[in-house]
Each structure stands twice: as C-alpha cells, then as structure tokens.
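Build out the structure end to end from the sequences listed, making use of the hints.
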Amino acid sequence: MAEFGTPTALVAAIHKARAAGYRTMDAYSPIPVEEVAEALHIHDRKLPLLVLIGGIVGCIGGFALATWTSVVDYPINVGGRPLFSWPSFIPITFECTVLVAALSAVLGLLALNGLPMPYHPVFNVPQFALATREKFFLCIEATDPQFDLKETRRFLETLEALSIAEVED
Amino acid sequence: MSPPPTSPPDVTVRQPFIEPGHTFESVTDKIGAIVLDQGVRRGWLIGFTISFALLMLLLFALTNLVAQGIGIWGINVPVAWGFDIVNFVWWIGIGHAGTLISAILLLLRQQWRTSINRFAEAMTLFAVACAGIYPIAHLGRPWLAYWLFPYPNTMGMWPNFRSPLVWDVFAVSTYATVSFMFWFVGLIPDLATLRDRSESRVGRFIYGMLAMGWRGSALHWHRYETAYLLLAGLSTPLVVSVHTIVSFDFAVSVVPGWHATIFPPYFVAGAIYAGFAMVLTLAIPLRRYYGLQDFITLRHLDNMARVMLATGLVVAYGYMMETFVAWYSASNYEAFMVTNRFFGPYNKLYWALIFCNVIAPQVLWFKKLRLHQGWLFLTSIIVSIGMWLERYIIIVVSLHRDFLPSSWGMYAGTRWDWATFVGTMGLFMSLLFLFIRFLPMISIFEMRTMVPDAKVDEDAHAGGAH
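Top to bottom, those sequences are chains E and C.
Numbered per numbering that gives the first Met the number 0, the first sequence spans residues 0 to 168.
Numbered per numbering that gives the first Met the number 0, the second sequence spans residues 0 to 465.
Facing chain C, according to a computed beta carbon distance under 7 Å, are these residues of chain E, among others:
#1 Pro6
#2 Asp25
#3 Ala26
#4 Phe88
#5 Phe93
#6 Leu108
#7 His119
#8 Val121
#9 Ala128
#10 Thr131
Calculated Cβ distances over 10 Å to all of chain E for the following chain C residues:
#11 Gly68
#12 Ile71
#13 Asn75
#14 Ala144
#15 Trp146
#16 Ser199
#17 Val254
#18 Asp293
#19 Tyr316
#20 Tyr318
#21 Phe365
#22 Leu368
#23 Trp407
#24 Gly425
Hints were generated in silico from the structure; no laboratory data involved.
Every residue gets a Cβ at the ideal spot worked out from N, C-alpha and C, and that includes glycine.
Written out as structure tokens, the structure reads:
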C-alpha cells in the first residue's frame, strides 16, 4: 500500500499500476474523486436499479394498501360516494414511493459496500488513520495474479509515494 | 447604520465560498477540533443549561396534559385548533429550509450549500421532532397515537385514506425518516474522521461504531455519491409534498380563510421563508462563537438573505391573493373573513403579521443591510415571529367566527399552551447544543472538496500516466 499527498498523484499512480498490469487494487481517499473511480474502471450501476425497484414497490404497495382497505376490507358508504376514489389515494402513494425508494438507497448503499464492517486489514497500517483526513492511498491486493510481495513493493517504490506499507491480514 | 468593518464593498462579487489558504488538514482540524479538542465551553454550558431547563418545562407541561386532558389548553368549540396546530405548522415549516439547502441546492450545484447543509439538516430533524409532539398531544388520548398507522387489528378497522389528516401522518413520518437518513448518510465519512482523530477510547469506540467501518474506498465513494444524489432527488419532491399536504389539512375543508387553492404553493414558500430565517438566526451566532467565518462567509449570509427576500415576496403575493379572491369570489363569507382580519378583534395581530412578513424584510433589498449581521439577525427573528403570527391568523381568526353568530367565540392560549410552546423551543435548542458539541456541525469531507488541492490536475496526470 502506497501513500500520496494529492488526488493528482493518486490518479497518476493508478494509471501506472494499470499500465504495469495490476488489476485487483483499491484506492482510499478522504474525499470522493471522480477521476479515481474512472482510473480504476469502476462501473457500478446496481444502486440506481435498487432504488428504482424500491420506488416501484412503494408506489404499488401504497396504492394497493389504500385501495384494498378503503374498497374491499373496510368500505364506508358516505352519501353514496364512490369507494374507489383514487385521486385521494395519491398522497399516500407518493409518500410510500419516496419512503421505500429512500430506504432502499440507504440500506442498498450499506449492503453493497458491506458496511457495517468494524474490522478491515487496511486499518492495521498506522498511516491509514490519515485516509480520513488528508492522505490518499493505493492498495494493490494480494489476490492480484501479478502480485508478488517483493516485486510489487519495488514497483510501488517507483511511484514517488510518501510512504509504502505492507497490509497485514 | 454604518457598514460592518469586515466587509469590503465588493464582498459578494468574486468572494470564494471558503477563505483562501485552507488545506485538507486545516479544514479537518478546524471543524473536528470543535468536537474533539475544545471540551465544554462556558457559553455552550450556559446555553445548554437554559435549553435543558426549558425542556424540563415541556415534560412538565406534557405530563400535566396527559394527567388532566386537553382542557388545560385554551382550545374549545369553535376554535378547536389553537396553539397546537399553529406550532405544528410553524415547526414543520422551519424544518423545510434544511432539506431545501441539502437537497435542492445540491441538485442545482450551488456550492455555497456545503458549509451550511449539515446544521441546516440537523435543524430540520429537531424541528420535525418538535412539530411531531403537537398533533400527538392534541389527540387527547396520545397513548393511542399508533391507531393512526395502518396495521391489522382486532377492531377490524383501517384509517381513512381519504382524510388529509392521515396523509399528514404519512407525509410527516416519511419526511422525518428520510431527513434522518439523509443526515446520517452525510455524516458517515465525518464520523470516520472523528474516529481516526479522537484520542479517547470512548470517542474512538462510539464514533467507530457509528462510522460502521467507513474507510474511504474508491468503490464505496462511487456508490456513496450515487446514493447521496438519489436521496437528494427523492427529498426534493418530498419536501414540497410535505407542506402541500400540511396545507391540505386546511384547504380541503370548507372554512372561509382555509378553503383556497393558493394554499399549497403559498405554504411551501412560507415554509422556506421561515426556515431560512431560522438558519440565519442560528448561523450568525454560531459562526461568530466558534470562529467559523472562514467557512460560513458573508457571501453565504448574503445568499440566504436573498432567498429569504424572494420567498418573502411570494408569501406577500399569497396575502394579496387571499384578499383579492375574497372580493372577486363575491362570497359573503370570504368577504367577512377578510374584513374581520383587517378590523376584527384580532386585527392587531394581522397588522403585526403584515409588518413582520411583508414590510420589515424589504430592508434586505439593500446589500449593506444584508451584509450587516446585526440587521440580518434582527430581520430573521422578525420573520420567525411573523410566520408564527401567520399561522395564528390562518387558524384562530378563521375559526373564531363560525357561520352562525351563535357559535362565535374567542380564543387565547393558556399558560399551558405557552409552556408547551416555550418547552419545544427548549427541546429544539437542547438537541442543537448536543449536536454542536458531539458531531461536526459543518460537513468536513464536503469542505475538503472545496479546497483547491481537491481538483485533479488533468495536465499533470496526463503527463504522469504516459
């Protein structure tokens, strides 16, 4: 794992690592950096889909709840007015849509990211405490086919990193 | 009114939203230090003590309410909605500015939201908590409040989904839930920062648990940004719907003064107006006390004052249309309602409302006064009072003259009404003081993205990659 001082240096390092053939790596930063995700070729489109499904479930569920209770299970005849008065069910439908969609966004975010995860090997590196403050890290993982403890360390040393550390499992 | 010495004349023109010279470290440390290093400060302790005393007053007033029933409040036929609904609408309205700042300004890419969104969202949550107390207490049998939710029960009954009051339950509870999630998701990276910076074991443990193992991985950030944007997109229609539904509580009825199609937009504008007034009321003392002038700059205050002025004009238009439509409709009841507002027993409150919400904020047209913190603070307090009066006029003045003179009455809040109202301010302030003490009141990671270094230098990286 190598430490950098700016997002620019991190992005440059990722490009070099990919050029050297490394694929299984992750970057850690105190701020979201769009270019880092691009450089790592991260394409993750699961979350918007989850939210869309959540929204549809909420929408249908809310409308079905209001309709079934007011028309089928507990019909109240108020001066012969129609039981299926769908415009008055719209506010409930809307609120349920937003509620379920927002819940799926948040729970989906946590689930996809595997959080809560109190322990992760990267926390064993002392410098890593700065990943939430000012420093940027690139971690080439041992599962990478090209990974070799000595070779990879030598490669990281060519990247002009501020420091290099081995992540203990 | 002399201009404040700190503001050069062109302060709003090209002023950045963060003072120059800040780096990732300085931003992190300055905001983090308020929580981690400063300890309990004297001013904080005094403020929290007063707020907590008022919170105890709230508990006392509510306990007495449950013990004796809502007869201790001033409400009675014909004015069955009094302080409880006035305060409910007032608090909910205040909350709306928080969501507006965090969601709508995010979607509009307004960078100036960054330093004020966190505490504005917190303000939303606490205001909604205060608002929620009122309708529940007003039920008369608050321990049966769960009957409002649809659940299969042995009575074989369901709530009436055609009722605006049930819509209200759904709107406010959804709003509270989504606001909480939005706020908490925004906090996760900052909680991780506090976890890594905290020197006490307890601090590391608690912030560590709350941060849930956030480590700033690129893939996590990528999903995080997506989720945040989606939540903003969901909150935007939500915030508009909430006050629209609150206004339906009135507009769907047939009471003159309530039954008006202008209510939804006029309520939403009023909510944003009151909310920005409250954000300013909180931001001006906070930035001074904690020395946050670098982050919450005069340009922020100026922008908020402009939003307040604009929404204030929409509200003024609403008052004008109410009066115009009363005449244009040629309805005797509508016309009576308006003349009763102008000249009836509560007319002093009506003219005070016009002064607070329409006349006083016109000073915000002048840049000198927008940038003068004392004036801005005073104006925001006046607007908060004005918005409270507006709800009082809408609710009490419309109800106290029923269709038949035999059912006319007068209304005044009792000491228990006031105790509950002041008590919810205590609840609001207590939560706010705790929030300032234990959580970063400005989003640290979003402030880091404002630092010049946060931009990836395309030229350097192209040169480095090839």
